[in-house]
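Colleague: Spelled out, the chains give:
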Amino acid sequence: MVRCPQEIHITDIMYTLKRKAIAEGYYRESTAADAPGWSETYIDFVEKYGRSFELGLMTRYHLRHHPLDMYKMAPMGLGMLRKGRMDLTPTRIKGIKQLQAILNKAREVGGEL
Amino acid sequence: MTEERIGVYVCHCGSNIAGVVDVEGVAEWAREALKDRGVVIARDNKFMCSTLGQELIENDIEKEGLTRVVVAACSPHLHEGTFRTACQRAGLNPYLCELVSIREHVSWVHKDKAVATQKAKAIISGGVERVALHEPLEPLHVPIHSSTLIVGGGIAGIQAALEIADSGYPVYLVEREPSIGGHMAQFDKTFPTLDCAACILTPKMATVGSHPNINLLTWSEVEQVDGYVGNFTVTIRKKARYVNTDLCTGCGICEEKCPKKVVDEVFEAGLGYRKAVYTPFPQAVPKYPVIDVDNCTYFEKGTCKACEKFCPTGAIDFEQEDEVIQVEVGNIILATGFDLFDARRISQYGYGRLANVFTSLEFERMCNAAGPTNGEIVLRDGVTKPESVAIIHCVGSRDKNYNNYCSVICCMASLKFAHLVEERTGAEVYNFYIDMRTAFKDYDEFYQRVLEEGAHFVRGRVAEVTDAARMPGEEGKLIVQAEDTLIGKQRRIPVDMVVLAAGLEPRHDSKEVAHKFGISCSANGWFIEKHPKLDPVATMTEGIFIAGVAQGPKDIPASVAQGAAASARVLGRIQQGEIALEPVRASVIEERCSGCRICNNLCPFNAISFDEEKKVSVINAALCQGCGTCVAACPSNAITGTQFSNEQVLAQLNGLLMLNVANGHGAVTEAERVPA
Amino acid sequence: MKYGYYPGCSLERNAKAYHQSAMAVAPLLGLEFVEVEDWNCCGATEVIAVDQMAAYALIARNLALAAEQNGNGHLVAPCSACFLNLSKADHYMIESPELAEKVNTALAAGDLHYEPGTVKTSHLLQVITEAVGLEAIAEKVTKPLYGLRVAPYYGCLIVRPGFEKKYDDYEYPTVLDDLMKTLGSEVVDFPLKAHCCGGHMTQISEPVAMELIRRLLHNAAEYEADLIVTLCPMCQFNLDAFQDNVNKYFGTDYHIPILYFTQLMGLAFGLSPDELGIGTEFVSARPALDKILSEAPTKEKPKRPPKEALPMPSLGGEG
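Residue numbers (my numbering), protein chains in the order written: chain A, 27 to 139; chain B, 765 to 1440; chain C, 25 to 343.
Treat the hints with care, as some may be off.
[Stated by the list, open to error] Listed next, the in silico DSSO-like pairs over lysine-lysine satisfying Cα-Cα at most 30 angstroms (straight line):
1. B:Lys1164 <-> B:Lys1294
2. B:Lys1253 <-> A:Lys44
3. A:Lys46 <-> A:Lys74
4. B:Lys810 <-> B:Lys875
5. A:Lys120 <-> C:Lys26
6. C:Lys272 <-> A:Lys98
7. B:Lys1149 <-> B:Lys1164
8. C:Lys40 <-> A:Lys120
9. C:Lys327 <-> B:Lys1241
10. C:Lys144 <-> B:Lys1021
11. B:Lys1024 <-> C:Lys323
12. A:Lys120 <-> C:Lys144
13. C:Lys331 <-> B:Lys1149
14. B:Lys968 <-> B:Lys1051
15. B:Lys1002 <-> B:Lys1051
16. B:Lys827 <-> B:Lys799
17. B:Lys1164 <-> B:Lys1024
[Stated by the list, open to error] Residues of chain B placed beyond 12 angstroms of chain C at every Cβ, according to the derived structure:
18. Asn780
19. Glu792
20. Asp800
21. Cys813
22. Pro858
23. Thr999
24. Val1026
25. Asp1081
26. Thr1137
27. Cys1170
28. His1183
29. Gln1212
30. Glu1228
31. Val1348
32. Val1380
33. Leu1417
[Stated by the list, open to error] Incomplete in silico selection of chain B near chain C, CB under 7 angstroms:
34. Val1027
35. Leu1035
36. Asp1145
37. Gly1146
38. Val1147
Everything labelled a hint here was simulated from the structure, so no lab data went into it.
Note that the Cβ used here is the ideal one computed from N, Cα and C, for glycine as well.
Please model the complete structure; the sequences and the hints are all you need to start from.
Modeller: Here's what the structure looks like:
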């Protein structure tokens, strides 16, 4: 939308196409076949705790998608823990039930705008 | 109950009106229901405006002795003149005819036929009530002064001036810069013939400079315009040149000796220098230099005076002052031209930040043999020849973020640049375009020629111009990134130099200028013509014409054509010697005027003045255009208008409302009338 | 001036230094940040890729809570992604009553409601430069960062996508540059300052992300920057934590520390590095910070351009 001479909201269109690709399963043949896996794992944690949980996200995602490459992440993971930049356990918000109710209702309402 | 004999004529307009409104029924109704309101005859016809339709009216006027006519058809903008003339032919004063619109106001905007028919009846009813109160009027005849004012000394203005002057009438040509020539004087070659711009322009400029009928006022600006068509009084400020033009020979020694060098933002487009005392270019007309007060050492500090010392005729006069003169003219032509789009606004193209990005105007100056590089195409360092050049089309045009319109000439200009680069440097040329707009005579042939000469064309709007190299071969170059939509791939093309074909924009002060002359500007800032298709050089203000790019982007042949067209219109007026003005005017009822003067400042045509002795406002009938603003604004109800008096307007309202009051049955009693 | 404060998930741990330095610097500038109670994740770029309504509802819960808790409707988000999400959701809810209705239906399931337009979200940089102003900041500078060549890196989300009232120029923002100049440092204007750092591509498609990060590091190194200053936790993480990976992947040898602008502000205000979380970065900032001079370096006389050179377009003018 910034440069588009016809003022088209390009990022919104890209997100819509992404959602459709995931819903229809087209992503499986793409070069970013792992992307929905990442996003869905991320969302799982947010729905469960209300905040993102990096350690959990990384471990689960890599175990599911590139288990053999996990060793590459190890040094960085250790570095993060050492520098205090990563939590070992997730933080749960108080209103998690409220959030879950809201998200469920949103999914029920659904639709694309 | 009126004594007038009114004829009502309802037009079918083919199926335009008849398709929605029951026109025969309406005519029938008018005949019956409006009988006791003066209607003696009511007809309907397929095309009222046709000769047959008009003859119907004319015959009725003669045979039935009609004293008023109401035509229910299209908008008065289109055929008011037609029907008024028809009445005049039959001997009825044209202003006793009223045209009410049941097309634009009814059939074209409503779908429900029953409702539309009712509305048509109501509108006709209003017309009938109104027309009974019309007065027979005579148009105002005003003489046309034979002098003409032309504002803007570019190619359009020059052409107009020569046409009028050659016909034997005097012209005042006012130009803001020290010399005439406009943007065309800055160009090197003109497309498609590749004629040298100066070579074809300077003969015309020279003729203007020596023409006995042209009073050339350069380094001057119009300050105020008073009056009306045929009789304008224009106040012009002749800015001080600080050079005595009676003594100056144009030798140029002052310019040579002047120690102060500044960047020339106007003529050299910021690419070259000039002195503080200067003529913009060697073939300037008139040849007299001017002193740039903001940059002259004498005016800043009181020292130097080198020009005065060296001038062989003693023509430098530091004491000179602006001279304000007033001239009387009959018509005005505005040919003020354009400004170039400021390419800095598109930051991703890097203009202003990356040294080797140039605008089209800068590139023209570079190619010009009399320009800052003597015609050599070089990079910003002034020395290196580029081995590859990218030319980007549509910079600031066809873009909702900047200007939505197409600037018409940039595709051709870009092709011209491509040709010049190939010719003079042998460099690789890449044109990045969206569409090739090469519409006119010999233009597409020129495109084909450039294609054959080996220029590369990439169809894709450029995303960015950057110096951040990513791959080998890009170091030290400017990289143009665009999607080549014909092959469907992104391309990064490293080049040495980038030329931006910047769009055309209205002059930055076009709105003020329009206001000064009493014409309108579009939202973009271009002057508005009377009709976009059929009247491109006239404006809604009588006596003021527009020509050239001031009316909208166009190439040189079109500007010349418009300049000539405007002058033809003016000559026609001068030839007739007088013009008939519409008598639709406002006037002040002196007894009611309280002297509050609210109306004075409201008039968009400056037609209202104040009589100090009588302490009342006075409306100049010739200046007044009958817009009605003052009538509405007057708190004492002291202003009324011919053809739109309070009585007439209220009568029309009464007529419109009668149908509702009577629940749509059409018959109304005196008692139900709304009082005037 | 009181603001609702939305830290976002990163500032809790990964970008703890950003949070720490922001909190240290805020009181000195007269800013009061009150954290929104029980805020939830904004969804980053993940949720909206899968489910549109859920994404907006997720964001809207935060807006609703912020509206309830902070009367004046000002919300500040230090993370660019959170800033984008919050302001985008609000903007679209204002523009589309249909969306607002759907989102509020979802919120109602949690007994919440959000009236579009109530909360105005600003990025932390925006608040500091607009509400406080560069002059007030200049007054607080006690230890100017003389001699430090700083490359301001905006990342992509703070300036794009563009809404009408989005922040600074989309292509070539200069706000952070001006702030860094106010702190006394030497600003390196590198052209890729608003280019993407790769975001979460480091996990999804490593070659793409590595190349994007390499370009940024390469460009900053080309312009001889001592350190890169950033305003988004993702950018800091990618450029910092993955620098070693990039070096291994391409065989390069970059050692450019990445700091947050609040950390540099804190240093210029005289706070200690520990207070500002300096030391948590992977590529140590110590060598760069040691370069700071105690007095302003003498300005070199600008060289006269050669006679043949053509003048550059003048800055300013009737644009």
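Colleague: At 12 angstroms, judged by beta carbons, does B:Glu1228 keep clear of chain C as stated?
Modeller: 8 angstroms, violated
Colleague: Given the hint that B:Lys1024 pairs with C:Lys323, test it: the Cα-Cα distance must not exceed 30 angstroms.
Modeller: 27 angstroms, holds
Colleague: Between B:Lys1253 and A:Lys44, does the CA-CA distance stay at or below 30 angstroms?
Modeller: Since the Cα atoms of B:Lys1253 and A:Lys44 sit roughly 21 angstroms apart, the hinted pair holds (cutoff 30 angstroms).
Colleague: Beyond 12 angstroms from every chain C Cβ: check whether that's true for B:Asp1081.
Modeller: Given that every Cβ of chain C is farther than 12 angstroms from that of B:Asp1081, nearest at about 31 angstroms, it holds.
Colleague: Mind verifying the non-interface call on B:Leu1417? Its CB should be farther than 12 angstroms from each CB in chain C.
Modeller: 39 angstroms, holds
Colleague: Within 30 angstroms, alpha carbon to alpha carbon, are A:Lys46 and A:Lys74?
Modeller: 25 angstroms, holds
Colleague: Using the nearest Cβ pair, does B:Leu1035 come within less than 7 angstroms of chain C?
Modeller: Interface hint status for B:Leu1035: holds (5 angstroms vs cutoff 7 angstroms).
Colleague: Over 12 angstroms from every CB of chain C: does B:His1183 meet that, or does the non-interface label fail?
Modeller: Consistent with the label, B:His1183 stays out of reach of chain C, its closest Cβ about 22 angstroms off (over 12 angstroms).
Colleague: Is C:Lys144 close enough to B:Lys1021, meaning Cα to Cα at most 30 angstroms?
Modeller: Violated, because 62 angstroms separates the two Cα atoms, which is more than 30 angstroms.
Colleague: Keeping to a limit of 30 angstroms between CA atoms, is the pair of C:Lys40 and A:Lys120 held or broken?
Modeller: 21 angstroms, holds
Colleague: Over 12 angstroms from every CB of chain C: does B:Val1026 meet that, or does the non-interface label fail?
Modeller: 10 angstroms, violated
Colleague: Interface hint check: B:Val1147, Cβ to nearest Cβ on chain C, cutoff 7 angstroms. Holds or violated?
Modeller: 5 angstroms, holds
In terms of the numbered hints stated before, the structure departs from hints 7, 10, 17, 24, 26, 30, listed from lowest to highest.
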